[in-house]
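With chain D's structure known, arrange chain F on it following the hints.
What follows is the residue order along each chain.
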Amino acid sequence: MSSLTSRLFCTNCNGGIPEEEWNTPDMRICPACEAPFRVFAFPALLQGPRAIESAQHVLEGEATCFYHPRKKAVTPCDRCGRFLCALCEIDFRGEHWCPACLESGQRKRTVRTLENSRTNYDSIALALATLPIITIWLPVFCSPVAVYLAIRYWNAPASIVPRTRIRYWLALVLAGSQIIAIVWLVTYLIDRRRP
Amino acid sequence: MTPTPYRKLPGAKRNPLRKATLWLSSDHILAVDSHRFTEEYKRYYFKDIQAIIVTQIAATTDRTIDLAVIIVVVFLAFVAWRIESRATAITTGLLLLGYLIHKALGPICSCHLITAVSSDKLPSLNRVRTAQKALRIIQPLVEQAQRGPAS
Numbered sequence: 001m002s003s004l005t006s007r008l009f010c011t012n013c014n015g016g017i018p019e020e021e022w023n024t025p026d027m028r029i030c031p032a033c034e035a036p037f038r039v040f041a042f043p044a045l046l047q048g049p050r051a052i053e054s055a056q057h058v059l060e061g062e063a064t065c066f067y068h069p070r071k072k073a074v075t076p077c078d079r080c081g082r083f084l085c086a087l088c089e090i091d092f093r094g095e096h097w098c099p100a101c102l103e104s105g106q107r108k109r110t111v112r113t114l115e116n117s118r119t120n121y122d123s124i125a126l127a128l129a130t131l132p133i134i135t136i137w138l139p140v141f142c143s144p145v146a147v148y149l150a151i152r153y154w155n156a157p158a159s160i161v162p163r164t165r166i167r168y169w170l171a172l173v174l175a176g177s178q179i180i181a182i183v184w185l186v187t188y189l190i191d192r193r194r195p
Numbered sequence: 196m197t198p199t200p201y202r203k204l205p206g207a208k209r210n211p212l213r214k215a216t217l218w219l220s221s222d223h224i225l226a227v228d229s230h231r232f233t234e235e236y237k238r239y240y241f242k243d244i245q246a247i248i249v250t251q252i253a254a255t256t257d258r259t260i261d262l263a264v265i266i267v268v269v270f271l272a273f274v275a276w277r278i279e280s281r282a283t284a285i286t287t288g289l290l291l292l293g294y295l296i297h298k299a300l301g302p303i304c305s306c307h308l309i310t311a312v313s314s315d316k317l318p319s320l321n322r323v324r325t326a327q328k329a330l331r332i333i334q335p336l337v338e339q340a341q342r343g344p345a346s
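Sequences listed follow chains D and F, in order.
When we follow my numbering, the leftmost residue of the first sequence carries the number 1, and every step to the right adds one.
When we follow my numbering, the leftmost residue of the second sequence carries the number 196, and every step to the right adds one.
Chain D on its own, in the form it takes in the complex:
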């Protein structure tokens, strides 16, 4: 058995998977739990951990890191231009970024690849336009909210993955119809009560 045996484990029983069982063209049987498995191992598994360059102390006359005045600057931030030491330099999308720019990009949602969640206002609007129909009175409150959400967030960034505006359209049509129906019903009831 190879020395790399313990690098990968059966996800069913946690038993080690020998290297001979990696990248096989068909399913193999785990000797411990008898579950068929297939391992797709990639070169990154065989490479050791990436070497992290340590930040060097600054000598007289050398540029220093903006965040660590005692460390030698190795590169400027491609966003803000601050000098960075090897510790502060972040390799992001092929550029050198400082931690502050990265954090700001995440907070302000200016960098799409840093976003880890989004709200689907179109789904909320559609739910508000459809689910309350099971009651008689809830659409009175929910349909105006659905119309508001559909208009307010029409141009807001939707899901990161492809998504059409069909939910907004449906929400507008359904909620609009409900509002018209409510107005008609109220008018009809008022007219009926008149002598």
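Note that these hints are calculated values from the structure, not bench results.
Mixed in with the good hints, there may be bad ones.
Derived DSBU-like pairs: lysine-lysine, alpha-carbon spacing no greater than 35 Å straight-line [unchecked claim]:
| # | chain 1 | residue 1 | chain 2 | residue 2 |
| --- | --- | --- | --- | --- |
| 1 | F | 298 | D | 108 |
| 2 | F | 316 | F | 242 |
| 3 | F | 203 | D | 108 |
| 4 | F | 328 | F | 316 |
Keep in mind it's a predicted model, so treat the numbers as computed, not measured.
The following block gives chain F in isolation, referenced to the frame of chain D:
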């Protein structure tokens, strides 16, 4: 609408409140966990992926499930015949239909993506056939990103 670089990978795990899917970009896989009104994203960059392990359900477990379903279906069919209940007969039929669809879709599996710091389950790849279809797309891209095929 702004063009997006994401392309959907085969497979999705759905239930009334959640939906898990995988999307492919030029340099990473995006796992989308949708809770209907919000979406959570997790990115796996090609250069960071160490391995993907597909584990099929064990044959013994599969046989146990088959046996349990057959017992329930036979029992319900017997009850439906004895008490002449149309509702029970329909329930039995639907259960049998669901089971046949489940068998037709092929064996179920769990798929784990391993990186240096994590081992995450990919819920959308829950059938062997779907996992293989997705991995046929992913494997060359990861190998290309890591320069050279795995030994």
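Exercise for the section: Given the hint that residue 316 of chain F pairs with residue 242 of chain F, test it: the Cα-Cα distance must not exceed 35 Å. Expected result: holds (18 Å)
Exercise for the section: Measure nothing beyond the straight line between the CA atoms of residue 298 of chain F and residue 108 of chain D; if it is 35 Å or shorter, mark the hint as holding. Expected result: violated (48 Å)
Exercise for the section: Given the hint that residue 203 of chain F pairs with residue 108 of chain D, test it: the Cα-Cα distance must not exceed 35 Å. Expected result: holds (27 Å)
Handout entry: 35 Å limit on alpha-carbon distance, applied to hinted pair residue 328 of chain F and residue 316 of chain F
Key = holds (17 Å)
The structure fails hint 1 only (numbered hints given earlier).
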